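Colleague: Need the complex rebuilt from these two chains, each delivered in its own frame; the hints are there to steer you.
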Amino acid sequence: MKRLLAPLLLAAATLAWGQSTEIANPDPKVEARLKAIAHELRCLVCQNQTIADSDAPLAVDLRQQTRKMIAEGKSDDEIRAYMVERYGDFVLYKPPFNAATALLWVAPGLLVVGGLAGLALMLRRRREATAAAPAPDPARRKEIEALLAAEDEPRKG
Amino acid sequence: MKAKFVIPLAIFGVLCVFLAIGLTKDPRQVPSPFIGKPAPAFTLAKLHEPEVKFSPEEMKGKVWLLNVWASWCVSCRVEHPVLNDMSRKGIVPIVGLNYKDQRADATKWLGQHGDPYLFSVWDIDGKVGIDYGVYGAPETFVIDKQGIIRHKHIGPVTPEALEKTILPLLAKLNA
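Quick note, the sequences are listed as chains Z and S, same order. Once you know that position 21 of the first sequence is 28 in the working numbering, the rest is easy, because the numbers rise by one and skip nothing. Once you know that position 86 of the second sequence is 187 in the working numbering, the rest is easy, because the numbers rise by one and skip nothing.
Where hints are given, some of them may not hold.
Subject to a maximum C-alpha distance of 20 Å in a straight line, what follows is the list of computed EDC-like cross-link-like pairs (lysine to aspartate or glutamate) [said to hold, decoys possible]:
{"id": "1", "chain 1": "Z", "residue 1": "Lys81", "chain 2": "S", "residue 2": "Asp232"}
{"id": "2", "chain 1": "S", "residue 1": "Lys246", "chain 2": "S", "residue 2": "Glu150"}
{"id": "3", "chain 1": "Z", "residue 1": "Lys42", "chain 2": "Z", "residue 2": "Glu85"}
{"id": "4", "chain 1": "S", "residue 1": "Lys201", "chain 2": "Z", "residue 2": "Asp68"}
{"id": "5", "chain 1": "S", "residue 1": "Lys228", "chain 2": "Z", "residue 2": "Glu29"}
{"id": "6", "chain 1": "S", "residue 1": "Lys161", "chain 2": "S", "residue 2": "Asp245"}
{"id": "7", "chain 1": "S", "residue 1": "Lys105", "chain 2": "Z", "residue 2": "Glu38"}
{"id": "8", "chain 1": "S", "residue 1": "Lys138", "chain 2": "Z", "residue 2": "Asp68"}
{"id": "9", "chain 1": "S", "residue 1": "Lys190", "chain 2": "S", "residue 2": "Glu261"}
{"id": "10", "chain 1": "Z", "residue 1": "Lys81", "chain 2": "Z", "residue 2": "Asp34"}
{"id": "11", "chain 1": "Z", "residue 1": "Lys81", "chain 2": "Z", "residue 2": "Glu47"}
{"id": "12", "chain 1": "S", "residue 1": "Lys265", "chain 2": "S", "residue 2": "Glu158"}
{"id": "13", "chain 1": "Z", "residue 1": "Lys42", "chain 2": "Z", "residue 2": "Glu29"}
{"id": "14", "chain 1": "Z", "residue 1": "Lys36", "chain 2": "Z", "residue 2": "Glu47"}
{"id": "15", "chain 1": "Z", "residue 1": "Lys75", "chain 2": "S", "residue 2": "Asp226"}
{"id": "16", "chain 1": "S", "residue 1": "Lys126", "chain 2": "Z", "residue 2": "Asp96"}
{"id": "17", "chain 1": "Z", "residue 1": "Lys81", "chain 2": "Z", "residue 2": "Glu92"}
{"id": "18", "chain 1": "Z", "residue 1": "Lys81", "chain 2": "Z", "residue 2": "Asp68"}
{"id": "19", "chain 1": "Z", "residue 1": "Lys42", "chain 2": "Z", "residue 2": "Asp84"}
{"id": "20", "chain 1": "Z", "residue 1": "Lys36", "chain 2": "Z", "residue 2": "Asp60"}
{"id": "21", "chain 1": "Z", "residue 1": "Lys75", "chain 2": "S", "residue 2": "Asp232"}
{"id": "22", "chain 1": "S", "residue 1": "Lys154", "chain 2": "S", "residue 2": "Asp232"}
{"id": "23", "chain 1": "Z", "residue 1": "Lys75", "chain 2": "Z", "residue 2": "Glu92"}
{"id": "24", "chain 1": "S", "residue 1": "Lys228", "chain 2": "Z", "residue 2": "Asp68"}
{"id": "25", "chain 1": "S", "residue 1": "Lys228", "chain 2": "Z", "residue 2": "Glu85"}
{"id": "26", "chain 1": "Z", "residue 1": "Lys42", "chain 2": "Z", "residue 2": "Asp60"}
{"id": "27", "chain 1": "S", "residue 1": "Lys201", "chain 2": "Z", "residue 2": "Asp62"}
{"id": "28", "chain 1": "S", "residue 1": "Lys228", "chain 2": "Z", "residue 2": "Glu135"}
{"id": "29", "chain 1": "S", "residue 1": "Lys138", "chain 2": "Z", "residue 2": "Asp96"}
{"id": "30", "chain 1": "S", "residue 1": "Lys228", "chain 2": "Z", "residue 2": "Glu79"}
{"id": "31", "chain 1": "S", "residue 1": "Lys147", "chain 2": "S", "residue 2": "Asp226"}
{"id": "32", "chain 1": "Z", "residue 1": "Lys75", "chain 2": "Z", "residue 2": "Glu38"}
{"id": "33", "chain 1": "S", "residue 1": "Lys228", "chain 2": "Z", "residue 2": "Asp62"}
{"id": "34", "chain 1": "S", "residue 1": "Lys201", "chain 2": "Z", "residue 2": "Glu29"}
Quick list of simulated restraints, FRET-style, between CB atoms [said to hold, decoys possible]:
{"id": "35", "chain 1": "S", "residue 1": "Gly137", "chain 2": "Z", "residue 2": "Ala114", "range": "25 to 33 Å"}
{"id": "36", "chain 1": "S", "residue 1": "Ser156", "chain 2": "Z", "residue 2": "Ile30", "range": "28 to 36 Å"}
{"id": "37", "chain 1": "Z", "residue 1": "Ala127", "chain 2": "S", "residue 2": "Leu116", "range": "47 to 55 Å"}
{"id": "38", "chain 1": "Z", "residue 1": "Glu29", "chain 2": "S", "residue 2": "Glu264", "range": "40 to 48 Å"}
{"id": "39", "chain 1": "S", "residue 1": "Glu152", "chain 2": "Z", "residue 2": "Val52", "range": "32 to 40 Å"}
Quick caveat, the hints were computed from the structure, so don't treat them as lab data. Note that the structure is predicted; figures quoted are calculated from it, not measured. Idealized CB from N, CA, C, for every residue including glycine.
Here chain S stands alone, though its shape is the one from the complex (with noise of 0.2 Å):
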């Protein structure tokens, strides 16, 4: 008799503990399958530069920061203060990959906004953006010396997750 009334007593607690659970994960941080693999290969021309062409390889050697941005995306300008901060601190190199944007646009905006990347590259048609399942600016991938990619942070880059992430990891890899 007791029974009857503490089994759906213990399954709803169950439910209660998987549903409280549910509700502290955000559906749109999607775990990256590229952390701990090589940062994916391409060649690109930079934004400012377009005869120069960049690689990830000439990073090795360094931790640095790939940041996705573009001029029409609103929450790059969110995070582009904390990236400007960054880069007056010198805390990290940062690379930036300027997705699906025109080239006009994007070093106007960098002109109104300050550019805190050591140099932007040009990703007219997203493939480079596909290749490292970017699926919404802004996101920034955190890289290794050995090239591997450490940490993909998604959405801006807010100073708490600066600190409480981003700038540990940094201090790890360069260790």
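The following block holds chain Z by itself, in its conformation from the complex (with noise of 0.2 Å):
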């Protein structure tokens, strides 16, 4: 348990180093928002974190933007425009429906439908195949059975 001890404290220290130590007294109803905010913002130092996550002083620049402009009463409309305004339709990880998007949006849908329509043309010609197919005349038939029973004798002894 002591060898735990000193990792988990370790552990501890660095999750409440964290953000909280960026400002003096965080407000927990803007810290809220500005996390929900944050979190749908692309930090544009290291690409692939949000605003929230991010500890490049770009993104701790940006949350304090975010916090100074949720304590002046503005929407989070308004804080995302005014993002977009500056770093382009990029940094939103839900980026909206425009010309350059379309085929963002609406290419998975696509795939889905192209995909179901190959699929039933598969299935339809399956089934016509196989209707298609003569049915054996009952001479025939009796011919197959036998040859095939005649088969399965020498595995049973």
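Modeller: What follows is the structure, encoded as structure tokens:
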């Protein structure tokens, strides 16, 4: 247990250190809204992180700016618009639907529709092929069954 | 029967084309939403003369560059000789935006590496940087006579970028 204590304390310390020390007296309401907004915004310095996750100086500044705008009573949309005005649609993890992103938004739907259409076509073709196959006449059928039975015989022994 | 082979091959081909196009693009080069828009207004104190303020309107009627730099910025050292060279040749007035830097560090850095700027302005808290959508120094904006941003170069200005993009654009804007 003692051996575990040190790493656990260390982990707790880094967690606590995270962003809470960024400002002196964080207001939980403001921080909650900040978190929600910042999770949708891309940090342009380390592109695969959100502004909420990143410790890059720019992300810290943008969190600070967001806090300020929340304090000024700006709506979430106004804050997002502020970021887009400066960094472009790229800053949004949920890009808006427009001419440049139309393919991005529509492609998954097209793929599903195309796939289903392909599947339907294939199944219909297969059903038609089975239906079109002629049923064997009774005499021929008996002959086949006899052959199959003979084939099975030796294995039984 | 033939379609069974041709269709996946065609899909694969299309995919290859998209991926090949993707390889030629640098994800760090985020298209700036400012191209074709007026340069955001600001008022900042000059780096060497703290009592003198500067606003971009003062540059109206001139084609000029706004270059974002800092003494802590490693890539800025890479482009600095290019800027010094431009300044020596008097190609275009360059205004420096000293970004999130200490005044003493910044002036010392210019003393060491040379000062290609008409002057620099001091953006200690990076607020003007945010207004210009700066996300990594160095960045260079080409601003025309009407105060419209015409081009943004992200990263160090290389001699190649200068020859191929910036100089032709300056010639066009000055014509």
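Colleague: Hint by hint, which ones does the structure fall short of?
Modeller: Those not satisfied are hints 2, 7, 8, 12, 28 and 37.
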